[in-house]
Structures are given as structure tokens and as C-alpha cells.
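Peer 1: For reference, the chains in residue letters:
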Amino acid sequence: MFARGLKRKCVGHEEDVEGALAGLKTVSSYSLQRQSLLDMSLVKLQLCHMLVEPNLCRSVLIANTVRQIQEEMTQDGTWRAVAPQAAGRAPLDRLVSTEILCRAAWEQEGACPAPGLGDGHTQGPVSDLCPVTSAQAPRHPQSSVWEMDGPRENRGSFHKSLDQIFETLETKNPSCMEELFSDVDSPYYDLDTVLTGMMGGARPGPCEGLEGLAPATPGPSSSCKSDLGELDHVVEILVET
Amino acid sequence: MRPTAVKSNRSLCLGHHRCWERVLGLLTRLGGASPLMHQPPPASCSSSCECARVGVRVSALAPAAAPCPAPRQLPCPRLPEPPSRGTSTLIPARLGPWCSPTGSPAPLSCETGCGEGSWILVCRLLVPTQVSLLSMEEDIDTRKINNSFLRDHSYATEADIISTVEFNHTGELLATGDKGGRVVIFQREQESKNQVHRRGEYNVYSTFQSHEPEFDYLKSLEIEEKINKIRWLPQQNAAYFLLSTNDKTVKLWKVSERDKRPEGYNLKDEEGRLRDPATITTLRVPVLRPMDLMVEATPRRVFANAHTYHINSISVNSDYETYMSADDLRINLWNFEITNQSFNIVDIKPANMEELTEVITAAEFHPHHCNTFVYSSSKGTIRLCDMRASALCDRHTKFFEEPEDPSNRSFFSEIISSISDVKFSHSGRYIMTRDYLTVKVWDLNMENRPIETYQVHDYLRSKLCSLYENDCIFDKFECVWNGSDSVIMTGSYNNFFRMFDRNTKRDVTLEASRENSKPRAILKPRKVCVGGKRRKDEISVDSLDFSKKILHTAWHPSENIIAVAATNNLYIFQDKVN
Chain A
1 MFARGLKRKC VGHEEDVEGA LAGLKTVSSY SLQRQSLLDM SLVKLQLCHM LVEPNLCRSV
61 LIANTVRQIQ EEMTQDGTWR AVAPQAAGRA PLDRLVSTEI LCRAAWEQEG ACPAPGLGDG
121 HTQGPVSDLC PVTSAQAPRH PQSSVWEMDG PRENRGSFHK SLDQIFETLE TKNPSCMEEL
181 FSDVDSPYYD LDTVLTGMMG GARPGPCEGL EGLAPATPGP SSSCKSDLGE LDHVVEILVE
241 T
Chain B
1 MRPTAVKSNR SLCLGHHRCW ERVLGLLTRL GGASPLMHQP PPASCSSSCE CARVGVRVSA
61 LAPAAAPCPA PRQLPCPRLP EPPSRGTSTL IPARLGPWCS PTGSPAPLSC ETGCGEGSWI
121 LVCRLLVPTQ VSLLSMEEDI DTRKINNSFL RDHSYATEAD IISTVEFNHT GELLATGDKG
181 GRVVIFQREQ ESKNQVHRRG EYNVYSTFQS HEPEFDYLKS LEIEEKINKI RWLPQQNAAY
241 FLLSTNDKTV KLWKVSERDK RPEGYNLKDE EGRLRDPATI TTLRVPVLRP MDLMVEATPR
301 RVFANAHTYH INSISVNSDY ETYMSADDLR INLWNFEITN QSFNIVDIKP ANMEELTEVI
361 TAAEFHPHHC NTFVYSSSKG TIRLCDMRAS ALCDRHTKFF EEPEDPSNRS FFSEIISSIS
421 DVKFSHSGRY IMTRDYLTVK VWDLNMENRP IETYQVHDYL RSKLCSLYEN DCIFDKFECV
481 WNGSDSVIMT GSYNNFFRMF DRNTKRDVTL EASRENSKPR AILKPRKVCV GGKRRKDEIS
541 VDSLDFSKKI LHTAWHPSEN IIAVAATNNL YIFQDKVN
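First to last, the sequence lines map onto chains A and B. For the first sequence, the UniProt record's numbering assigns the number 1 to the initial residue and increments by one for each residue that follows. For the second sequence, the UniProt record's numbering assigns the number 1 to the initial residue and increments by one for each residue that follows.
Chain B with its partners taken away, still in its complex shape:
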């Protein structure tokens, strides 16, 4: 990825390509964070191009012996700028058919008929396992794979458990990472006049093995290949770029399409075998001929050996030239072009590890200000830091913490206050945090308490001891904003997920389950009954399945399309619009 020739119009961009060396010297003189020199990754783990094996014919990649003509630039599918927030071009999210005719909100009831504004299932996608991939080498319609072949067969293994879900900036692509270190990218079905109803479905676009399991010989410990986070880079040319990370290593992947290949080499025949030079009598110029569309993913950068502890977050800066990676105790700032150095910008490791009482749980850059970022902690605090203030941002600019409610105090107070996810709103004005029982929205200008608090599953408050015993209390739920920052969504147990409308203060509980797997099926709102009489269709707290947890969800950047990961299933729901 080459730096853009145009000078960045961001002010004081630490990561601008030309500034990087200058800043290096500056920071060293200040006595601040010195760039960490890392060992370059061993040569053995160089790129092995994994082409999508699903749905497209894989052609053997010829070694680049002959000079390849530069691939013709595909017309860049530039999408119009997303509408500015606050305009009415975005479809307002409707949460459910519960308004009585007078317009005043009625209590949520499952007997209400499904009117407009319901959520429908678009498709349920199973990440194809390696087993099934091997058995399907011929042309297979990708739609068949997702809708029929794998649906009723349980090929899923633990490696298929989805560990992260992320839409790209246009919403055209949806990436998932799983415990087996694989990344599967889905692409939205294009609109076509013939099959209008298919619009909105996502099909497999590319699959590749991002990370492999490693063994740290020095510590005699395995390094899991599980993909912790995926973050897309904004599209700047025909190719797509994403960052994927496991516990220790971040990788930059380039996903590009190839629909032409050169033919007519002089030194090689069509199968790639070398020709005997004696048999060559004439010379010809290779020409580009169309071929079946092939999507290939290549690792362009490997950012390794910078984290002692487990990476929990990555975040691309708004300058598109730097990003940060956060582990339990440190946050590092990287430049995309430089893989053997990173700046340490936050370090909360105490000199004496016995005094360790707090860890970093999540971190994110501000969506517009490239000098601002936040990070959350296991004690329920959020710190906002300004990189212009100092090289090492150990002293926060703002400190967000809600005073503890003394009536709710218990031995588990601290554990349930630990923040599992922090997300800036698209406007950049608010941050949302998820702790075990609630979702909170904070105004950046008010540090002493959140402006909104939503109870996700308060009925679990009396079950904290059991949840501590079975470790469920340590589950890390994520939370997401919709495109207009008016609705927030997060997951819960029993494959439930919750949406909260910030304007109308209404909320809904929906379930991502196989029973509702008919395409275009309308989701019925669910309700958990806390005690006393259990109504029909309600589920009691004791019947909840705590092994079915929805930790990862994603919301399309501009439309009301959501992706919900339930173990190895990926559900895509859409707001039904009449």
C-alpha cells in the first residue's frame, strides 16, 4: 500500500509517511517513548496466497518468472459519500410493532401482530469448514452452499466459532474471523431486476487463513490463532484492505479481484511448465485474457513481536496511515508502512506486578480527530488521551467514571463493572461502553457519569454467584451503534440480542436461532420473565442457555442491516420495509 502522493490534509498527523522519521527523532529527544525495535518476522512465514476456494475455480498461481504486465485498474466502485448524520436519508430504525394506534408506546407484548418495522432474517450463513471445502473443488454456486448444503449438516467444529464480525465502510463487505484463525469475507448480492428479493443477501467472497497457531518456545505456551479483531481500512483503490489480529500479531491483508490473466508466455506453456528453450522458434507478447473471477488475499504487512500480553483491540486512525493495537497493559501506535517499529503510547504495567489491579480492556481512535483515542479498563473507567500532549499518554486528558451505587455493592461489583467494549459514535461526540449488565452512553464533555444507561439483562444480577462459578461473568460482550447513532445493539445469552432506541427509549429483545431460520422470517420479540407468573412465549431466567451467547454483532454503516454471530452461525437481519 503506497502512501498517497497528495499530502494529507489532516493537521499534525503523526503518521504521515514523511513525518514518521522526523517524529522518531523528536520523541527520542524528548526522552519519551522510544521506538521498540522488533525482530523481523521469520522468513518462513512469508506470504502464502490463499485464494478463495469456495465458489470459484482456483488456478495454480504461476511463479512470477515472466514479467507480469501491471493489472489493469478495475473501475473503482466508488460509492457516494455517506449522508451526513442527522439528515433524513437514512432509514430510521424501527424497533418493533408495539406502538398502539395513538402513538403512545404500549408495553412490549408478544401477542402484537407484526406490522411495519419488524426485523426479518435475510440469510443464515455457516462458515464453511475445512472439511467441506476439501470435498467441494468444482464449481459450486455459493448461494447453494449457504442456503442449502451446509445448513442442515453440522460440520461445525470449535474452530468455526466466530470470534469477530465487521462490516467495511460501505457495508458491501462483511468480514468474520473465527477461532481457527480464518477470515471469511461475505459480499452483498448486487441488485438485479430479475431477483429483487435476493438483494441484501451476503455470499462468500473470500476465505483465507489469516493466522496459524504458534508455540512460544520461550514460555512453553501456545499462541492461539483465534482472530480477536478485524478492522477494515477505507477503500482507496480497487483492492480491499483489512487488519486482522490474534493475541500477538497483527496482519494487514489485501483482498483483490483478478478477472484477467496473462497468456502466451514464451518460456512457459499453459500449465506453467518450463519449455525447452530449444523448441522456441518464435516470440510472442503475452496478452491478457479474461478468466473466471478470482479473489485473492495476500498478507501485505505483518506486525509482530510488539505485545507481551494479549491483544484485545485494534483501531485504524482517521488519518488512514496509522493504527493502534492494545493489549492488557500497553497500547502501541503503528504506521502501516513500518512493521519493525511501533510507538508505545500507553503503558499501565506497574513496576511490581503484584500491585497489578487494573488492565486495559478495549481501545479505539476518535473517528475524526487523529490525535484522540480512548481506552477502557477492568475497573469500569474510560480514559481519553490526546497524543499531542505527550509521547507517552499515561496521563489522561479526560477520565470517565460513574460513582458506584452503594446499594448494589457486592463482591462482584468490580467484575461486573469491567468494561468489555468501547465504541465511539459515528459523530464522534459520544462513546458507548458495555459492562456485564448494562450499556452506557457517555458524552465526551461530561466525565462524571454517563448520559444514558440501558439494562441489558438485569435479571442476572441475582445470579452473579453462579455466573462467577461457571465463568460466564467474564464473558466479553460487544456493542455497536447504528449508522445514525440513534440505536445501539448488544448481545446477551440464549442467543438473544438487544436493541435500544436512544430517541424513543424503547428496546427490543430478539433471538438468533435456527428455529427462525426461514429466510424472510420475521423475528418475534422475546421476553424474559423475572419471577412470578410466566406468560406464554416468555422464557424464565432459569431456562436460559448460557452456552449460547452473542458476543459479536455488527451494524451496516448506512442501512438497517445487522450481522449477529451465534457460535458458528452468522445471521443477517434486515429491517423489513413495506
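Just chain A, same shape as in the assembly:
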């Protein structure tokens, strides 16, 4: 279904004009399908069973699929990667260091994305009909500010969520151990809170501390609490579309 270059046959008779339109429709439907696949993948990554450790193989495969889509979208130019240091950087370089870049961009912005950017997301595929030829010039000439912010915000949040998935899988710094215990104290002994309140946000990943006798230090930093809000927001956006 998503084989590259595969065009759907137009059923029935068509004329040249319709053929051209159909060609455009095919491109946009492919982009729509690709976008929906991307959305589906991100939802899959985020909605894991929180009580049991998620299947790492599955997460890795889904994440690779997401990366693949992002690569392709970047090459197509539909992935408008706007970042402060983007000028002059090759798209592939930008892609390789996407997580770092996005994190840097995110920290630079330092604010929650506005809710109104949900529209920017739905407008994305429509604007794909006028593909940007050069990835070096990511700014679409007719794009408005909100449209610019839309994909960027989405990209940031997409990558942020990708970050979060993998961040939870690695050991945190021991410096956050105090934060760990301060978070854990109150909800820990309340099973309900453990099951509901700690779900989604405070999910520590597999710990390295089992090697050797040092106590394990995985766990959420306090920033995860605000990230939880971002996560909700991203899910809202995805669900709306």
C-alpha cells in the first residue's frame, strides 16, 4: 500500500485533464497516507501499556518507521524543518541530529505551543500540493506565520515524543535521584495514584543499576511533569486530525 512510486490506478475512464488532476490527487493521497501512517506510529509509541514494560523490539521498529517517514518527507521538502541554525545546513545533517536539534530548538523556544496550532497541522497536507523543491529553502513563500509554526511545532513535538520514548529507556543522571525520591514519595504508597497519576509521565525506563550493587537510578526528572502536558497536547492534536 505504501510502496514508493506506486501509483493507484484510476478506476474507469478519464481524460487528460482528469488524469492530471488524478495525478495530483495521487500525490496528495500518498502524502495523506504517509501522514496518517506517521500519526499512527506516534500514537503507537506513546500509548504503551504502562503497567508492563513495553516491548522494546516493537518500539524500535515503530521508531525506525517514523524516522524513515521523516527522512522521506524531508527529502520531498514537505517536512519544513525550520530551526534557528538551519541556514546552510544540509537536510540530511539536520535529520541525523534531529533529536539534538529539536531539543535545542525546544529549549530555545522554551514555551508551550499555542493551542491554535492545531489548524496548522491539518493544513500541512494541503500545502503539500505545492511541494517545495529545495529543502534548503524551507520557508514556503506563501506560508503564514502560523503555518510555519505548525509543522515546526509538530516536528518539535514529534521529535520530542520520540526523545521521550528513548529517554525513558536510558539511565538518568544520578543528580536527579533526589528529584526521583521527591516525586516518588507521595504517590508511591497510594496504589491508585501509582496506577493513574504516575501513568504516562513518571514512567522510569529499564535501569542499568542492576549491574553491580549500586542502586539503580532511573526515573523521571521533574521536567517530565511538564512534558506530560505537552504529551497530552500532542495526542490531542493527533486525535483531532
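Treat the hints as calculated values from the structure; they're not laboratory data. Do not rely on the hints blindly, as some may be mistaken.
Stated by the list, open to error - To give a feel for the contact side, a few chain A residues facing chain B, derived at Cβ under 8 Å:
hint, residue
1, LEU32
2, VAL43
3, CYS57
4, ARG58
Glycine included, each C-beta is placed from N, C-alpha and C at the ideal position.
Assemble the complex: chain A is given as a structure, and chain B must be docked to it using the hints.
Peer 2: Showing chain B alone in chain A's frame:
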């Protein structure tokens, strides 16, 4: 399990009991893998002997206060060495009655009558649930349980879903593990002149709770008790040994029979109550008296706290002294005698977890060379490693990968290339891998492509998006060789399973379903119609039930008997021989 006194005749056996400490020092000096010191398992999880509660009377185990005389060694049922591969003593597997009289293969057709070489159902076994176990405490004929009592009652719960199936090395025993952490061992009915037709049936031999659900308080996550794999050890005395593992812990279980018990203790009466020493006037020597056969399973070793990620494979080495356990990112080598140390021999965890793109999906030791093993990855690659090369086998000796077919490329290419199972052939010359749509046979001497590729259910290629949506694309199917490495088998959806004859290049699709549940019923070959006209008895792709998947199958080591696990049902089929 004591190490054998006879020195192992394997060369450079890392796991030999006496060498273990020596190797320890060697590896540390090399700066290689240092043995991981693990916390010993908490004292609370010590052995609780679970005796089989089905079919045999359970006698309360008296605490071992009085010295027990050593149980008499039961005559060891040594079976003759399996015939070497390639001889004609093995019954060649027949795949189906489709040969036209001239001998040239005819297209598979369901209208063909059932001739010789068909597969018949031997028995369908339901794993007894806890509920039914509690209600049956008296003597019950095990055959009744399997053939009549549970057949028509749906006591099955999700805990009964079978998660692994494995024959032992003689084929006499068949072990299943389920999602509820239980292991059920079936034993083959012995031949008897009176009931010849019963031969080949398997009945419950032992049931025990292998793993319990745990809660990892540090991560606030549950550790499932589901049994991921069971591997038998070759039999070396009267008892049977098997390894069972869940996501985190491997356990070595000893299954032994007891048909005599000591009677006539001085300090205890027959019920085990302590006697008042003042009432004892004479002393007697306890004697062994016959009792009803009791099969007891005891955990002999617990190998815990060595895996951060989920264990997906265990494999017993051909030296019978070591084994390996593989999780998503690491493989550890264990000695059966040592539970608080293991060697890490493969580690593919990247320094930065964000760069993680590949995980280990399966691993297995070579059947004859105790230094060689393979492991497969989620990117469709197989690596063969030699433990003699270095302590940490991160650099493979051989790398098997098939170049991608550019015409078939899609966003799902990588996912469907992920290998879910890897198995050495019995000869040790080939490996078989299972990915989502195909089974491939590789020659160890050729790394750039497989020598054989079999399509299991290529009609799903156009449905990959839907299968991705409902997560079916992540199903991990297993694959098995028959005893002579001439036929391979794997499962599919709709309770279908497929067999491929490597010599004749013929294949067959069979179904394990309740409708064919009459004993000795002959299986009819099934066919999936891809498009266009659907013939009678064919099933269309859209009608397939994707919730009925056959992930686990097993083939008897020397005979044409197969075990197929369909959810909570275990089907045993046999090649019908006239």
C-alpha cells in the same frame, strides 16, 4: 545436578566445571567481560515443590526431619542413540496426497482424496486450568481429562494461552508453558499390546507453577510470569531437567518420579505428626514401600537479576554445562552450577539510547560446536559468533544478510524483515530464520543470501498497513525443523500452519481447529484464495481470523509427530502410516 565426574570430551569447553574459575581470571585479565555479580534471589522465593495435581494422588510432603535413605535409582530409560541423519530409518515426512499416479506433483487441490501420507489428529489437549484442578482432587484418569472432561467446557482463561512448546530430546515428553507462568509436561503413552491405537497419545505428566508475577518496585512495572521459552536438558539420569524463563528470570527445574516412600519413622507417625518421645518404646528402621506414582518438580537453580531487558531466547550448549540467555540487547552465558554470575558475551546497547535502531530477537547455540552460536536481529540480519575469538563477541565471525529487493520496498520493509526465530538444523549445517512473511534457510558457508526462501503467507503483503494498525505485524512466529532436516514447519493466521518439504519443494497448509477435533481425523489441506474466483473450500484473505494465530509449534526429534499450540489448545498430529 552434579557435574559429571568424567572429564568432558569437548575441546576447550568454557563451561567445564573445573575450568569455570580459571576462565574467570582469564577474562578479567584480558579486560574483557567481567562476570556480573548479581544479588542472590531473595530467600522467600525458595523452592516450593509443586507436585502434579492431575491424575495422581498428592501426598503431603513430610518435612525432611528424619534422614531419608537415598531414593533407589530408577532404571534409566536410556533410549538408543538417534539414527544419524541421512539414513533411511526415519520415516520420511509426507506432506500430502497430491501426487498424481505418474509421480509428478499435481496442483494442490482439496478435492483429492486422502491417501497415504496424510496428517491425522492424535489428540487435542487442553491445559487444565486452576479452577478445574481445584475441583478434581480425587483420582482421575488423565485420559478422561484430556479427551472428554475439558474438551467441551471453556474453562480457559487468558492465563492458559500457551506461550511455548518443546519436545525433549527423545520425544517422550512434551512441555508447554503458558501466560500464567505454568509449565505442563505431557508424556507419551507407552505402547501396549491391548491398546495399540492409543500409542502416540500424550497425557499430562506433571504440572507446576514455574514463575510468579512480580512487581519491580524500582521501575513501578510488572514483570510478567508468562513463560517465554522452555528448553530441555539431555537426560543424564532418571530425572528430567528443563530450563524455563520469563522476561527476567531463568529457572532450572528437575522433574522426577517417586514411586516409593519411606514408612516407619520413629519420631513421626504416618500422618507426619510428631510423636511424643515418651511413647516410643521400640526403634525400627524405616522401610521403603511402594506408593502411587508421583511426579514432582523442584526448582534446582534460579538465575535471576542478569537481564535489564526482556529475555527472548535461551539455548542449552552442546557441552550440557552452559547455556545462554538473550534479551533485546544482551546475551549472557551461564554455567548451570553458578547462579550468581554470568558472562556477558554480546552487548549491542548503544552508548546513547537514542541511537538504538536494532535489537536482538533470537539466539541459539550450534548443536555440535560448543563455541559457536548465532543471534538474529530486528533488521533481518543473523550474526554467527565464535566464543574463542574474544570474551565479548560483539564482532561477529559471519554476517548473514540478504540484500533488499528494491521493487518490494515500502515503509514496512524493515518491520517485516525482522527475524522472529532462528533455528539450527539438526545437522548444524543450516540455519532457518522466520520473518513476517517468509521462512529462509541459510547455509552457514554462504552469507550473502539464503539458499531457500519459502513464502508463508505472501497474500498478506497487500494488507501490511492494516496489520500494522492492529499490531499483528509484530507477531513473532516460530519455525521448526523435522528430525531429518527435510521438512520445515511454521505457523500462520486463522489457526493455519504450513509445512515445506525442502527436497520435493512441495508445501501444505493445514488447520488446527476444533472442527477437526475428532481423534484420528485426517487433516484436509487448506488453501487461501488471493483474488478472483474463490473455489469451494477455499478461504479468502479477508475472512482470515487474525486473532487465531499459531506462533508455537514443535516437531518430535525422530518421528513425524508435531505439536501445534493454538491459543489454549495443544494439538498433536501424527503422520498417518498405513
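Peer 1: Are there hints from earlier that the structure breaks, and if so, what are their numbers?
Peer 2: 1, 2
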